[in-house]
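A.B. asks: One-letter residues, chain by chain:
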Amino acid sequence: MRRRFKRDTTAWVEHELRHHRPEPADDFVRELTGRISADTSRRTTRGLRIAFAGALTSLLVAAFAAFGGIGYAASAARGVAQTAQKVVAPDAKTRPVQSAAADQYVGKVTICHHTGSKKHPFVTITISRNALDAHLAHGDTIGPCPTSGVLGSQASRRGDSAQRGDVLGETATSSSLPFTGLGLLGVVLLAAIALGTGVALRRSSRA
Amino acid sequence: MRARDPLRDPAPLVRRVYAYVAYRIGDGPDAEDVTSDVFERALRYRDSYDPHKSEPIAWLIGIARRCVADAAKPLPEPMAEPPAGAAPGDLEEDALRRLTITEALATLDGRDQELVALRYGADLTARQIGEQMDLRTNAVEVALHRALERLRETLEQPPSKPVPVTLRRSVRV
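The listed protein sequences derive, respectively, from chains A and B.
Here the first sequence is numbered in our numbering, starting from 1 and rising by one per residue.
Here the second sequence is numbered in our numbering, starting from 208 and rising by one per residue.
Chain B on its own, in the form it takes in the complex (with noise of 0.2 angstroms):
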C-alpha cells in the first residue's frame, strides 16, 4: 500500500499545490482553504490514485484544477499600496515583487494564467501541463513562452500606468 500511496511525503506537495493555487485566485487564506480542500479529497480518494498513469504531483494537481474551478475566484484586484502588514527592507520589496507579479498575471487570460500556474506553480513540466490541458507538448511549450511574452510586456510597462481592471478577462478555463 505504501508504494501507491501518493501522500508519502506529503510537505513538498502541499507547497507546490499551494503556489498553484496562490497563482490563480491569489495568496493568502483562500489559497490555504483551496489547497486544504485539495487534500481533504486526496485523502477521500488516494485509493484511486494509479501510479502507472501518473505522478502524485500530476494527480493532485488535477484534484486542485477542480477545486479551483468550484472556488470559482478570479486573482485579487490590483492594490496601488502593499498590505499593510508587509515587512520592511528586503521583504517589504519582495512582497512588492509578488504583487506586481499576481496583477501582471492578472492581465492575462485563464488560459495563460493555467499554464503559468502549472508550470511556475506547481512546477510540471510541458509534458505533464499537456496531460492536464489535453495539449500537445509542443503546443503547450509555444502557448508558454507567449504568454510569458504577454507577461513581460506588461512587467516592463512602467509602474505609474495601472492596468485597467476592464480588460481583464475570466480566470476560468
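Here chain A stands alone, though its shape is the one from the complex (with noise of 0.2 angstroms):
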C-alpha cells in the first residue's frame, strides 16, 4: 500500500519524462537514417557479389573435376616430376618394387576372361602364364576387366567386347558433354544466368 502510494506520488513525473523527451529534429533523423541504409544497402550488395563469386568460383572448379581435369592437371604433375627426376638424376637406376603378393603370383598373370554370359560377360581371373596363349585365342584380355559402371553396363548390355573409347565415342554425343551428361544447351543456359547475376550486381553496386 505504502509503495503503491509512493508509486503514484512519481507518476507525474514519469508522465513529465516521457511526454517532454527530448525528441531530435526530422531532418537529422532522415539525414542519419539515410545514412545508415545507404551503408546497409551497400553492405548487402557486397554480400551478394562475394557470394555470387564464392559460387561461381565453385560451378568452374565442379565442372574442371567433372570434365577430368583435375586428372589431367595430376598426371601432367606427375609426368613433369618424372621428367625432372631424369634431369636431375639421369643415372639413377630405379629397382623394380616387388610385393609379397607379386612373389607369391611369380609366373601368374591377371586376364579379362570373356566369359559369354549375358548377365556376366568378363571375368577377371590369374592364370599362369603358360595357359595365357589360349586364352587370348578365345578373345580373352591382359589385364583386369574395367570396372563396372556406366560403361561397363552399357558394353554389357550390347554384349560388346569393344574397348572402352568406342563405348566413350558413342556416348558424348553433340548434344551433351563427355563424362558428364550435361546438355550444352543447359551449360549455356546456366553461362547466360551467370552473366546476367553479374552485371545485375555490378549495376546495383553502382547504383
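A couple of the hints might just be wrong.
Part of the chain A face toward chain B, derived, beta carbon under 8 angstroms [as the list claims (entries may be wrong)]:
id : residue
1  : R21
2  : V29
3  : Y72
Here are a few chain B residues that sit away from chain A, every Cβ distance over 10 angstroms (derived from the structure) [to be verified]:
id : residue
4  : R215
5  : A229
6  : A238
7  : R248
8  : S255
9  : I264
10 : D277
11 : D316
12 : G328
13 : T332
14 : Q335
15 : M340
16 : L342
17 : R359
For the record, the hints were derived by calculation from the structure and aren't laboratory data.
Small disclaimer: the values here were computed from a predicted structure and weren't measured.
Here a beta-carbon is modelled for each residue, glycine too, at the ideal position from N, C-alpha and C.
Using the supplied hints, reconstruct the complex from the two chains, each of which is provided in its own coordinate frame.
C.D. replies: If you want it as C-alpha cells, here you go:
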C-alpha cells in the first residue's frame, strides 16, 4: 500500500519525463537514417557479390573436375616430376618394387576372361603364363576387366567386347558433354544466368 | 545477414538514442553530434552485434554510454530565460517545461541521471538497465524510484528558488 502510494506520487514525474522527452529534429533523423540505409544496402550488395563469386568459382571447379581436369592436372604434374627426376639424376637406376603378393604369383598373369554369359560377360582371373596364349586366342585380354559402371553396363548390355574408347565415342554426342551428361543448352543457360546476375550486381553496386 | 542486422529499422533507434543522449548532455547540436557518433560506431562494429545477447537498442545504448563518457559534457547550466528561438503558445510552454525538467535532472547525481536517461530517454526496461549498469533488476527499480522522488521534490520547488550550481554533482557514472 505504502509502495503504491509512493509510486503514485512520482507518476506525474514519469509522465513529464516521457511527455517532454527530447526529440531530434526531423532533418537530423532523415539524414542519419539515409546514411544508415545506404551503408546497409552497400553491405548487402557486397555480400551478394562475394557469394556470387564464390558460387561461380565452385561451379567452375566442379565443371573442371567433371571433365577430368583434375586428373589431367595430376598426371601432368606427375609427368613433370618424373621428367625433373630424369634431368636431375639421369643415372639413377630404379629398382623394381616386388611385393609379397607379386612374389606369390610369380609366373601368373591376370587377365579379363570373356565368359560368353549375358549377365556376367567378363571376369578377372589369374592364370599361369603357360595358359595365356590359349586364353588370348579365345578373345580374353591381359589385365583386369574394366570396372562396372556406366561404361561396363553399356558394354554388357550390348554384349560387346569393344574397347572403352568405342563406348565413350558413342556416349559423347553432339547434344551432351562427355563424362557429365550435361546438355550443352544447360551449360549455355547456366553461363547466361551467371553473366546476367553478375551484370545486375555490378549495376546495383554502382547505383 | 539481414536477420541479425541491428540497424534494420533505424528511425526509432535514432530517436531513442538521441533522447538518451539529450537527457545526459542536454538537447541540441551536441546531442546530435554524439548520436551521429554512436551510429558511426554502430555501422563500423555492426558485425559484432549478437542478437542472442541483447536487443539492438540495448546494444546501441551500450555504445552511446561510451560516447557520452568520451564527450564528458555535463548537462547545461540552468537558464533563467527560455531560449530566444522558443515558439509561442503551447510550444513555448513545452519548451519551458522541457527546460525545467533538464534543470531538475541536472540536480541529480550522475548515477541517477543515467538511470532516468536509460529508463525515460532510451526507454529500456529495468532488466535491460540492470544489464547495462551491472545491477539487479530490483536494485534498478528501487534506485529509479528514489531518483524520481528526488526529481519530484526538485520540480515541486517554487520556480523563484533556482538550484545552486555548486550543489550539482558530476554527471560521470
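A.B. asks: Could you tell me which of the hints above the structure violates, numbers in ascending order?
C.D. replies: Those not satisfied are hints 3, 4, 5, 6, 12 and 17.
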